[in-house]
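Construct all of the structure, not just a fragment, from the sequences and the given hints.
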Amino acid sequence: MIKVKIIYFSRIREVIGKSSEEIYIKSEIVRDLIEELQAISSEYEVLKGKDFKICFAVDQKLLTDLDSSINGAKEIAFFPPMTGG
Amino acid sequence: MVGKVFVSVEEKDFNVSEELDKIKGLSSESGAAVLFVGKVRQNKQGNLDFLKIESFSEMARKEITQICNQSLKQWKLDCIVVKHRYGKLKPDDNIVLLITSSAHRNNAYEASMYIMNLLKTNVPFWKKEISGNEEIWLENN
Chain G
702 MIKVKIIYFS
712 RIREVIGKSS
722 EEIYIKSEIV
732 RDLIEELQAI
742 SSEYEVLKGK
752 DFKICFAVDQ
762 KLLTDLDSSI
772 NGAKEIAFFP
782 PMTGG
Chain U
27 MVGKVFVSVE
37 EKDFNVSEEL
47 DKIKGLSSES
57 GAAVLFVGKV
67 RQNKQGNLDF
77 LKIESFSEMA
87 RKEITQICNQ
97 SLKQWKLDCI
107 VVKHRYGKLK
117 PDDNIVLLIT
127 SSAHRNNAYE
137 ASMYIMNLLK
147 TNVPFWKKEI
157 SGNEEIWLEN
167 N
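These protein sequence lines map, in sequence, to chains G and U. First residue of the first sequence? That's 702 in the working numbering, and the numbers climb one at a time after it. First residue of the second sequence? That's 27 in the working numbering, and the numbers climb one at a time after it.
Calculated directly from the structure, the hints in this document are not laboratory data. Treat the hints with caution; some may be incorrect.
[As the list claims (entries may be wrong)] Here are the in silico distance ranges between beta carbons for each label pair:
| hint | chain 1 | residue 1 | chain 2 | residue 2 | range |
| --- | --- | --- | --- | --- | --- |
| 1 | U | Asn159 | G | Tyr725 | 31 to 41 Å |
| 2 | U | Ala129 | G | Glu715 | 39 to 49 Å |
| 3 | G | Lys704 | U | Glu84 | 14 to 24 Å |
| 4 | U | Lys114 | G | Asp760 | 26 to 36 Å |
| 5 | G | Ile703 | U | Glu84 | 15 to 25 Å |
| 6 | U | Glu84 | G | Asn772 | 16 to 26 Å |
| 7 | G | Glu737 | U | Ser43 | 44 to 54 Å |
| 8 | G | Ile703 | U | Lys102 | 40 to 50 Å |
| 9 | U | Ile162 | G | Asp766 | 29 to 39 Å |
| 10 | U | Lys50 | G | Glu737 | 47 to 57 Å |
| 11 | G | Pro782 | U | Leu61 | 20 to 30 Å |
All C-beta atoms in this analysis are idealised placements derived from N, C-alpha and C, irrespective of residue type, glycine included.
Shown next as structure tokens:
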């Protein structure tokens with residue numbers, strides 16, 4: 702188990718009800734982390750991406766592959782598609 | 027000459043003239059500066075109270091800087107300024123300022139369009155319209 706900071710933005714933050722949390726996880730890839738979180742409580746089902754696409758960044762690096770490694774990561778962020786500019 | 031990049035992500039407004047003045051004299055070869063200012067647009071119903079912009083500011087700065095550094099090389103620019111705001115903004119408030127400066131205008135125009143397109147989709151900002159009791163997260167078309 703490793704301790705990571707998970708950050709939520711925008712609609713995901715509103716559904717989960719918190720902007721960040723530090724938890725111990727056993728997952729080694731993003732896909733497994735999402736499943737691990739969903740086992741905690743139903744709010745995390747938003748991360749399944751049924752209503753909108755889920756984007757994520759590992760240590761502030763934007764990734765698209767759910768099989769991306771989170772080994773050694775300190776911070777993982779989940780957010781909806783970006784709407785800057 | 028190596029081009030320069032100035033990036034800021036902050037709540038406070040910017041002054042376009044001041045930002046233009048700051049880059050004067052950076053390169054004697056600069057013959058063009060293209061400016062883009064993105065502003066808060068009133069919604070179709072005309073009842074927008076605020077646009078709330080949420081940001082992952084630290085990552086946004088990194089992403090914008092990376093996009094700008096790549097653009098500097100690709101279009102041989104002298105300078106890029108990006109100032110992106112977050113927080114609670116009213117209709118007609120400034121959201122983003124982009125200045126691209128180069129020897130000739132074509133490069134500055136093309137880079138401006140490229141950078142703005144990426145700012146809309148690849149940098150962690152999210153917009154929410156607040157109109158009376160209604161709150162709507164915006165999506166890119």
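Q) Holds or violated: 47 to 57 Å for the Cβ distance of lysine 50 of chain U and glutamate 737 of chain G? A) holds (54 Å)
Q. Between isoleucine 703 of chain G and lysine 102 of chain U, does the beta-carbon spacing fit 40 to 50 Å?
A. Taking Cβ atoms as reference, isoleucine 703 of chain G and lysine 102 of chain U lie about 45 Å apart, which means the hint holds.
Q. Within 16 to 26 Å or not, the Cβ separation of glutamate 84 of chain U and asparagine 772 of chain G?
A. holds (22 Å)
Q: Could you tell me whether the CB distance from asparagine 159 of chain U to tyrosine 725 of chain G stays inside 31 to 41 Å?
A: At 40 Å between Cβs, range holds.
Q. Are lysine 114 of chain U and aspartate 760 of chain G spaced within 26 to 36 Å by their CB atoms?
A. holds (29 Å)
Q: Mind checking the hinted window 29 to 39 Å against the Cβ distance between isoleucine 162 of chain U and aspartate 766 of chain G?
A: holds (30 Å)
Q: Kindly confirm whether 44 to 54 Å is satisfied by the beta carbon distance between glutamate 737 of chain G and serine 43 of chain U.
A: holds (52 Å)
**Q.** Range hint compliance [Cβ, proline 782 of chain G to leucine 61 of chain U, 20 to 30 Å]
**A.** The hint (20 to 30 Å, Cβ to Cβ) holds, given that proline 782 of chain G and leucine 61 of chain U are roughly 27 Å apart.
(Q) Does the beta carbon distance between alanine 129 of chain U and glutamate 715 of chain G stay inside 39 to 49 Å, or does it fall outside? (A) holds (47 Å)
Q: Evaluate the given range 15 to 25 Å for the C-beta pair formed by isoleucine 703 of chain G and glutamate 84 of chain U.
A: holds (22 Å)
Q.
Does the beta carbon distance between lysine 704 of chain G and glutamate 84 of chain U stay inside 14 to 24 Å, or does it fall outside?
A. holds (20 Å)
Against the hints set out earlier in the document, no violation occurs for any number.
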